[in-house]
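K.L.:
Given next are the chains, with one letter for each unit.
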Amino acid sequence: MKFYGGRCDLPVKPGSAALECSDVHHRYSATEEEVLTGVNLTVQPGERVALVGPNGAGKSTLLKLVLGMEKLKSGRIGVYGHPAADCLHRVAVVPQRGAVDWNSPLNVRQVVMMGRYVHLGWFKRPGSADNEAVDEAMEIMGISRLARRQIGALSGGQQQRTMLARTLAHDADLLLLDEPLNHVDLSTQELIFHTLERLTAKGKTAIVSTHDLGVLTVHFTRAVFLDKQVIADGPPAEVLTPQTIARAYGFEFHKDYHPWMP
Amino acid sequence: MDALIEFIIEPFTHTFMVRGLIGGLLTAVACASLSAFVVWRGMSFMGDALAHAVLPGIAIAYAAGFSLFLGALGAAAAAAAAMGLFAWQNRLKEDAAIGVVFVGFFALGLVILSRIAAYSDLGHILFGNILGISTGDLILIAAVTLAIVATLSLCFKELITASFDPAHAMSIGLSPELVRGLLLALIALAAVTAIQTVGAVLVLALLVTPGAAAAQITRRLSVSLLLAAGMASIATLLGLYISYYTDTPSGGVIVLVLTGMFCLCAGIAAVCRTSL
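Here the protein sequences line up with chains A and B, keeping their order.
Counting from 1, position 125 in the first sequence corresponds to residue 125 in my numbering; the numbering is continuous, with no gaps.
To convert, take the position in the second sequence, counting from 1, and add 1000; that gives my numbering.
Don't read these hints as lab results, they were simulated from the structure.
Glycine residues also receive a C-beta, built at the ideal position from the N, C-alpha and C atoms.
Treat the hints with caution; some may be incorrect.
Simulated crosslink set (DMTMM-like; lysine to aspartate or glutamate; CA at most 20 Å straight-line) [to be verified]:
1) A:K73 - A:E20
2) A:K71 - B:E1177
3) B:K1093 - A:E32
4) A:K202 - A:E47
5) A:K73 - A:E32
6) A:K202 - A:E139
Residues of chain A placed beyond 10 Å of chain B at every Cβ, according to the derived structure [stated by the list, open to error]:
7) A17
8) S155
9) L181
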């Protein structure tokens, strides 16, 4: 509530990390097992980080905690030097496909415009600056000609472009993308990465959770392997060992089956 | 020709018919504009529940002699709170919580009413009494309709954001729960006014059918809102005529006309799909 429409007036603390998680634990209810068992992670401004790990590793949970969709009960999450809950304004999200109602009676432009609402707040209508930001975001994502199309009538790739255009219109500093590559064609995938590269070159920060390990070495500067806690962290080539790959895809790594491995 | 004009004008030479028509049209617009959101968000059952749950409030207000409107609103708020409480922390799925609470409230209303009211009053509450709308009722209905339409247009962007993508709403500091609460409050308001025109049992028809019919033929929200309001208004007018000339209950006839329109829209949609 506090931030809807109000600019986050907390200044970025000099030298502060874009995202800093320390000893983050989480369980959804008191009776259940912990989904996160002490996550420590620091991401600097301008980094492009891939978040990989098996299903149920807590990738989405971690992103939800950063967004304030789940209440942080144990540990600390800082966004640009402030508690995450105080600085939601600087964070934008491209949620998993399933989290969104694609049957909504909305068109592409209406969805992209939602990225501007954080700057407007209650009762204010979008002005010319907002319209320009939306036009530019749609132009960058190559969906200008689809502006009046219903979102349900789009292909998976076009839908994802719409969501990323919304994030561009939002103009946040920390971008969280939850499985943005699912059901997306190759050219859209390239466009997404190209856009992220451009944004991070300008000092924005992107954290992308993905199952698609093939894209890591090409498009990311850093990979974080999460399985309830950070298992491996570093350049993609170092994080992606046969063991972690096997784990990410949910099968056991058996050396016997891979005689070509040392 | 004169006979036709006579036929059209005659019902509205009675002031109670004029008041009924105005009240019915206002209610139709209020409910229909909400129905687009009710259908989109899958809140039909909740809408029905709220419409039924107001009964004990009306009964108590009737017995105590204060505003039926306030009594109904109080009961709706109590019911919504009870549903929220039971569904809280996933101890019970939401539809089960709604079911338990709404039938309980409705039954309580029936029992109280049977002790204090005449059978005809009960009938009016259950099946509506559009011709019994007083000038005071009319002012109240107009105020409620204005409030609903104004809220929908002022909070339009919040409503579409929270309906489409709750995660994004959260991330920009807009609580999806708050938006849902706002929508529930509007539904309760609309349901209370619609009880006067079509009755507690049939309120759901005004809250769902216009939006459902519009959704058959358009995927655009703005068009859907206008179509729903237009269809509900036409159904109210036609329903009143039919009810006047055939001496049938107006609430039921209005709902039947509306249902007919839904079937027509569904038919048109089916034909368009197969011919494409």
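K.L.:
Going through the numbered hints above, which ones does this structure break? Give me the numbers in ascending order.
P.N.:
Every hint satisfied by this model.
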